[in-house]
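With these hints in hand, go ahead and build the complete structure from the sequences.
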Amino acid sequence: MTIKTVKDLQMGLAEGQFSSVEITREYLDKIKQVNPQLNAFIHTTEDQALTQAEDADNLIAKGKSQPLTGIPMAHKDIFCTDGIATTCGSRMLQNFIAPYNATVIEKFNAQHAVMLGKTNMDEFAMGSSNENSYFGAAKNPWDTGCVPGGSSGGSAVAVAANLTPAATGTDTGGSIRQPAAFCGITGLKPTYGRVSRYGMIAYASSLDQGGPMARTAEDCAILLEAMAGFDRRDSTSMQQEVPNYQAELNHELAGLKMGLPKEYFAEGLNPEVARGIDEAITEYQKLGVEVKDISLPNSKIAIPAYYVVAMAECSSNLSRFDGVRFGHRCDNPIDLEDLYKRSRAEGFGDEVKRRIMIGAYTLSAGYYDAFYLKAQKLRRLISQDFTQAFDEVDLIAGPTTPDVAFKIGDKTDDPVSMYLQDIYTISVNLAGLPAISIPAGFVNNKPVGLQLIGNYFSESRLLNAAYQFQQHTDWHQQSAEVQA
Amino acid sequence: MKWETVIGLEIHAQLATHSKIFSGASTAFGAEPNTQACAVDLGLPGVLPVLNSEVVNMAIKFGVAVNAHIAHESVFARKNYFYPDLPKGYQISQYELPIVGEGQITITPEEGISKVIGITRAHLEEDAGKSLHDQFTDQTGIDLNRAGTPLLEIVSEPDLRSAKEAVAYARKIHSLVQFLNICDGNMQEGSFRCDANVSVRPQGEEKLGTRAELKNINSFRFLERAINFEIERQIDLIEDGGEVVQETRLYDADKNETRSMRSKEEANDYRYFPDPDLLPVRISADDIQHIRDTLPELPEQKRQRYVEELNLSEYNADLLSGSRDIADYFETALAEAPDLASVLANWILGDLTGALNKSEMAFTESPVSPQQLAGLLKRISDHTISGKIAKDVFEAMWNGEGDADDIIERKGLKQITDTGAIEKMIDEVIANNPDQVEQFRAGKEKVLGFFVGQIMKQSKGKANPGQVNQLLRDKLKS
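The listed protein sequences derive, respectively, from chains A and B. The first sequence runs 1 to 484 under the numbering used here. The second sequence runs 1 to 478 under the numbering used here.
If you're looking for bench data, these hints aren't it; they were derived computationally from the structure. Beta carbons: idealized from backbone N, C-alpha and C, even for Gly. Some clues are possibly wrong.
Only part of the chain B face toward chain A is listed, based on derived beta-carbon distances under 10 angstroms [as the list claims (entries may be wrong)]:
| hint | residue |
| --- | --- |
| 1 | Val40 |
| 2 | Val47 |
| 3 | Val75 |
| 4 | Arg78 |
| 5 | Pro87 |
| 6 | Phe136 |
| 7 | Thr140 |
| 8 | Asp269 |
| 9 | Tyr270 |
| 10 | Arg271 |
| 11 | Asp275 |
| 12 | Asp277 |
| 13 | Leu279 |
| 14 | Ile283 |
| 15 | Ala285 |
| 16 | Ile288 |
Lysine-lysine pairs mimicking DSSO-like chemistry, simulated, CA-CA at most 27 angstroms apart [claimed, not checked]:
| hint | chain 1 | residue 1 | chain 2 | residue 2 |
| --- | --- | --- | --- | --- |
| 17 | B | Lys79 | B | Lys115 |
| 18 | B | Lys130 | A | Lys341 |
| 19 | B | Lys79 | A | Lys341 |
| 20 | B | Lys172 | B | Lys115 |
| 21 | A | Lys353 | B | Lys411 |
| 22 | A | Lys30 | A | Lys4 |
| 23 | A | Lys107 | A | Lys7 |
| 24 | B | Lys207 | B | Lys2 |
| 25 | B | Lys411 | B | Lys388 |
| 26 | B | Lys411 | A | Lys377 |
| 27 | A | Lys407 | A | Lys374 |
| 28 | B | Lys475 | B | Lys457 |
| 29 | B | Lys444 | B | Lys457 |
| 30 | B | Lys444 | B | Lys424 |
| 31 | A | Lys374 | B | Lys79 |
Here you go:
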């Protein structure tokens, strides 16, 4: 099966080279063949996909198609889908069927895109390796002994292994960018408030943001245009017009100022990854980009600040999973307390429990000021670092992760080393900025990701810079197809 | 030892919006369980709250009416605790930055005595659902219709010194929120609920005693009783060498006692923090001014107007402006009979209030409409009937026999003002009672009353009393 981008599929459908039903079948077959090895999907929605594809073909025949009509895609299993199970990677929601669609899903449905299935993820989006999924870890197609990254690992695997042309993900501390880097695809985390969070099961509400994962920056532009926009059901979504991202891709980069934060190239970064990033930056210089050393002095406090804020919010967000109205309920509870304790003890995995407990602790009387309030202050310092940096440069560049994909099981006993995976991605969430990870080479046959960070609502510029890079490199065209 | 009581009230006023505070579901009372709870009210995964802006306007109205500081930026916070009728495992409330800050209100616990009570704050929050414990054996039912209903929690300073003052304060707030049109005030349906923090301390002591929080009080009568019971309990306890513990106590109206519900040791740590799903509420000075300019007339303004423009007594003005229902009744009637303010006041606060109390009815349920009452009083004022006959007509109206004019016409109650007819009756009475005539002529003025009585009897009360008096005098003296 040849690799096709969303752009290729749009053109093929428009020109009648193939029908939506044909390509949908191809992807579904491919998933059937290799998903047992990769575990990218928690469930596929074959019947619905084919019905949607048929409808799409009818619309295309009538000349009534929209940009994503008939385009197959996969959704992270954190987006609620009406009538179709939404598990969030947890035993807690193993049998949960939402009675409504997330806004993001509605937007794709409105364009008659085709949903192939729901992708694997770390439980409740908590994790950087996908190993925290109740449904088993997804495998990195470049080396199935390695993790794909997380939490949107299933989506990254599905795109990298050509099981879908595109997928949605969510990013709270790096959950789109880190798996995109590990799997050699392009993943965009938009500005906080750019994409509606309605129907996207909350992990840390002030940090969560949905975004596109695809092979190319161009595809991400096409997808973001469909996903973005104000939603009256999400008070934190912004009343800001959605630009025509595709139209902005072709700007030349000459004169663009790119900042390299010294903190992102310091100790802890694999020197070979550093070399890959250096080469990517050289490539940008060839395109006329001016490179400048900058500093983000508060980077070192990002991880502790993040984990306090995220865990505090998650401890409250996950309180609704109490076994009373939906989700897992223990057998034969003897009383209310037993119902709560056992339903939650059985329904949640270890990492989720760890974060709920730490979060509840940081919010409790006597600790709130020392932890939560302090973390919010640090968050402002981190935002200020970026604001100052963007006075001098247009974009910030660096590695997405300190290293390439690691072996499954390598870090499961050491949460802190796992948390350090997000050292370059987390500040972006704390500040609410947009950032993109794009393929930038290989170390030991495993992909390296280059991260570009932009100012608020500068997705156009990020996609433009990523697109121009991909016009001059072929890292994003490398295939990790796995044979059955 | 002499003891001083210190009371602060926490009042939950349900805001009279059509839809809930963070969702579009209806707030109507009494629907089938769980039929008025949408995905947001159920706390389904992925849903988000969106603030109903109407509740903000209502809170500002209250704040302006009690001269409180309105926060230019206020924040919703999550109050975290587990309970089956709390769907999200947290209640969205306000903690550090409430919408309404310090204010005050003047109460009149007794005629002629007024006292200013401080209001600490008022904040917006969502109500929880209801747990139904007695409808299923060994199981608890949960009705989430009420979940997400908007509440304004009004917290007073510990300025109240007796159950009587507490009731006067609660009534004042109750009346105010109804005047403002922000709460229907229905205590039976739980639209207006009071919790009382009660403590005692030796007279002259500055330090506050340990307080108990009294819950589950759904009428002003019970509020007074619960507080009085609690004061006595605490004093007895201390005088017997015991110590008051800080706890929540439930009032049992059947037994007229308070019972411990949970003590402080078991108290929750609510882990409040700003709700990241909601933006801070920003209110401009213009918003506040606009609401101030469009505020309905408040009880205090009404009272003043009644005294100054309608020449009512302070006492009557106070009573008529004391509740929205009475004031509305009075003003509707007044619109029909603009010159009869004083008579209307007397009838509303006298005969009508008496009849309503006797039948345990509210002003809104009165069988005699304000228009009907005004119609009756107009007939007194134009001498169609006497005040005495008016009482009979009122009773007939109360029994649903129609408007005053119909009744007067049908029953032939029209006052006799024909001088000839009255003279005829007088002549007859004089002729039949020669002894009494003698007595009067001998200077015994009191006997005049006897003659008036006889004539009124003969005319079945319809003779104009003024005319009867005048004509009698003339005849007897001649």
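Verification of the supplied hints:
| no. | hint | result |
| --- | --- | --- |
| 1 | Val40 | holds, 9 angstroms |
| 2 | Val47 | holds, 7 angstroms |
| 3 | Val75 | violated, 12 angstroms |
| 4 | Arg78 | holds, 5 angstroms |
| 5 | Pro87 | holds, 6 angstroms |
| 6 | Phe136 | violated, 14 angstroms |
| 7 | Thr140 | holds, 8 angstroms |
| 8 | Asp269 | holds, 5 angstroms |
| 9 | Tyr270 | holds, 8 angstroms |
| 10 | Arg271 | holds, 4 angstroms |
| 11 | Asp275 | holds, 8 angstroms |
| 12 | Asp277 | holds, 5 angstroms |
| 13 | Leu279 | holds, 5 angstroms |
| 14 | Ile283 | violated, 16 angstroms |
| 15 | Ala285 | violated, 23 angstroms |
| 16 | Ile288 | violated, 22 angstroms |
| 17 | B:Lys79 - B:Lys115 | violated, 34 angstroms |
| 18 | B:Lys130 - A:Lys341 | holds, 22 angstroms |
| 19 | B:Lys79 - A:Lys341 | holds, 20 angstroms |
| 20 | B:Lys172 - B:Lys115 | holds, 12 angstroms |
| 21 | A:Lys353 - B:Lys411 | violated, 83 angstroms |
| 22 | A:Lys30 - A:Lys4 | holds, 14 angstroms |
| 23 | A:Lys107 - A:Lys7 | holds, 18 angstroms |
| 24 | B:Lys207 - B:Lys2 | holds, 15 angstroms |
| 25 | B:Lys411 - B:Lys388 | holds, 15 angstroms |
| 26 | B:Lys411 - A:Lys377 | violated, 83 angstroms |
| 27 | A:Lys407 - A:Lys374 | violated, 35 angstroms |
| 28 | B:Lys475 - B:Lys457 | holds, 19 angstroms |
| 29 | B:Lys444 - B:Lys457 | holds, 22 angstroms |
| 30 | B:Lys444 - B:Lys424 | holds, 23 angstroms |
| 31 | A:Lys374 - B:Lys79 | holds, 20 angstroms |
Taken one by one, the earlier hints fail for this structure at numbers 3, 6, 14, 15, 16, 17, 21, 26 and 27, listed in ascending order.
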